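Undergrad: Okay, here's what each chain looks like letter by letter:
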Amino acid sequence: MNPRPEAIAVGVIMFVVIAAYALFGGADFGGGIWDLLAGRTERGATPRKLIDESITPVWEANHVWLVFILVLVWTSFPLAFAAVMTALFVPLSLSLLGIVLRGAGFAFRHTAQRLEVQQLTGASFAAASLITPFFMGTVIGAVVTGRVPTHPTGNVLAAWTSPTAILTGFLFVAACGYISAVFLVVEAQQRGQQDLRRYFSLRATAAGALTGALAAGTFAELSGSAPRVFARLTGISLPLVAISVAAGAAVLGMLWLRWYHATLLRATAAIAVATVVWGWGLAQYPYLFPTSLSLAAASAPTSSLDAEFVVTGLAVLLVAPGFGMLYYLHQRGLLTEAESDSDLRQAAQVGPAAPDQPTTAAAAPMVTRTATGLVLAMLTIRAIREMLARARRR
Amino acid sequence: MGAVAHVLAVSPIPARSQMGSSLGFHIILACLGIAFAAMTMIAEWIGIRRRDAAAMLLARRWSKVMAVLVAVGAVSGTVMSYEMGLLWPGLMGRFGAAIGVPFSVEGIFFFLEAIFVGVYMYGWRRLPPWVHWWSGMPIVVGGILGAVSVVAANSWMNSPAGYTLKHGKITSVDPVSVFFNAATPYEATHMVLAAYMVTGFLIAGVYAVGLLRGRRDRYHRLGFAIPFTVAGIAAPLQVMMGDVIARFVAHNQPVKFAAMEYVSRTTRDAPEWLGGILINGHVYFGASVPAFDSILVGFSPHTQVIGLDSVPATQRPPLDTLIHLAFNVMVGLGLFLFALAAWQGWWWWFRRRLLLTAWFLVPSAVSGVAAVAAMEAGWVVTEVGRQPWVVYRVLLVRDAVTPATGVPVTLGVILALYAVLTVVSIGIPMIMSRRWRRQPAAEEDADRVPYGPSPGWAARVGSPAPPAPLPAPTGGPEPQ
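Residue numbers (the working numbering), protein chains in the order written: chain Z, 16 to 409; chain D, 29 to 508.
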């Protein structure tokens, strides 16, 4: 049975959204990882400041991609959603724990002023940035290897603890670190901070090499654990995989040559991530769980899928310009953390010396107000009597 | 006791507790996410329009508090999305195609909100005033429409519509009927009004405390007046809506209504119970108004009210006493808030002055807590009242719950985590406010880097954006 064209289209949308989350959300997770690895308070201050500035105004918007993925999957592929959520209860709960700790830690760190509190909240943010992508990786690994039963009767520990799944977890962490470091190189370049550019350039190279190694390891592992996906990855998906590898290598080359072209560097890194996500999607086709649950069997009724198109269309119309504006303003440095409000405080004379209440609006004459009040009261009484009368008549 | 034993005997208790506590926590932050931006924008509007520094300062400080709370709300909202699948795969697997539609629509508004929160919170200094003001508008509109969408999903569970089942599988969905099911207009209005009441009374309560402590400057009066006015406008509308909704529930979910009002047997001249405990069909310790329940339902004492005995015991909600008392608490607190708003409104109408006596300010100071309590009680009524169904008269909770083990563990983690988050979410605005009062104006926000670097770091690094040079000392802490 071939999947309906609508199901294929929703699948395509899903993988576009996943790629967007991997890019933007992944970069924010990576920022947390580099924050974690930035060393002692004194030494880590400057990279932490850059990471903080690059994440602060945008992380919430980037986070919404995840919610959108969840909603898209449960509406379009309810059966698969229920199965994944049941079988992979443990890693999903752990990734959720990471999301909570990370968001709360990040928000609270900004208001903390004492060093110990900042360190505690900062550590929660940074450590959680490690946990979440790792467990999301194990979830994807479990799905790709087809170890999620269609109708699970409980959690399936073996599904996400296979070597492939664990490797995928590490791969996700490394990829987040890589994409984030590349973006931070560009941020440092735009701010003219040479030492930070060098700092993140080194880290991007290291993370890139590690990502490549882990990807190769996962790839080798897949040949045994998911032969069908492996066959398609080396078959129909090969061009996408090749583009990804080439783009990844090109980024490292650009860094090595110190050619810090902002757009080109960002775009190449983005291509490296997006193409591998799409390659994975193509390799899975036509299965959601290779090879037990097919796209055709798992997709929702056509009318639900149509609703998702409308929603996606609206999102493109409304959200895309918004995102464009957000990133534009952010890149132009127009979104900064609030500075001192001292000028306003002096102007407002916030203090106990208060004059008596000024009458802001001129009071209407007493007669008018009393008259209006009386009329309103009469109308109310009449309405109540009317109601009671109608009740009696019944 | 029989009711408690009945509940404990059913297996989905840990999952239901986790969902309930997650919702109970998230809903407060969700309210702030829906309505806080509106308050901030009103203050900013006054600030720009009248060149009012006090209003401007309020707006800027509110947006700082909002930045923290909205972030926590975004996270706790994600918890809810996960839990839909983690705890209720039986619901999502069967009905995801239908209930997912309103959630998808909500996704758009969540996106809009998150994007413009980024612009609004961090655009204060560098964007032109009116551009900045307008950047808050999508947060307000997106907040309301997002709330409507999510509540539509909950309404669908109370009043399922717009789908065709064949052999237990959904074969077609009518997205419009799903979204605009019979309960949506009632529940959505109720929730949006509640959000404005909770937010308004919470903020007003903070400034009521300040006013009570003798800080009677324009800053505190405005900080009280703006949110109190908004909440005060919402309060009478909410009382009216509540009355309409109760009648709708009586027709649409009669068994839920019977539990709310202690109607054991279908009857005319049903009495209205205030308080009391229901044991085996008898109400103890309650005060009753004869036939008043019938009058409320159908404007006549002869109106027949459907009782709990209309369905077999297995289809009745558990914990009638909890449902009834929660309903009483919600209505009572709602009327209290309405009276408070009317009192201030009366004073303003005839005197054109804010009423700021201690007699008025003390209840106002607790009005925020009262509004939160009323809303939580309302959610208890609608959620517990729908039991044992997850989708009313279609799917039982016990058929929806996850077979995965480990829910008690996640429940424990969620409870511990949310306890900490609650303390911090309340504590942080308090710390911020104390800092604002104690700290000299010039020192505020001077120190903004994570892990507080040593002085002179900017010079060492050669950062192009060093913190603004500190203005001249302004005479020490403000004497407040």
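Everything labelled a hint here was simulated from the structure, so no lab data went into it. Any given hint could be a false lead.
[What the hints assert, rightly or not] Partner residues aside, some chain Z positions facing chain D, computed with beta carbon under 8 Å: (1) L85; (2) L344; (3) L350; (4) R360; (5) I396; (6) I399; (7) A404.
Here the structure is a predicted model, which is why all the values come from computation and not from measurement. Glycine included, every Cβ here is placed at the ideal spot set by N, Cα and C.
Undergrad: Would you pick out the hints that fail for this structure and give their numbers low to high?
TA: Violated hints: 5, 6 and 7; rest satisfied.
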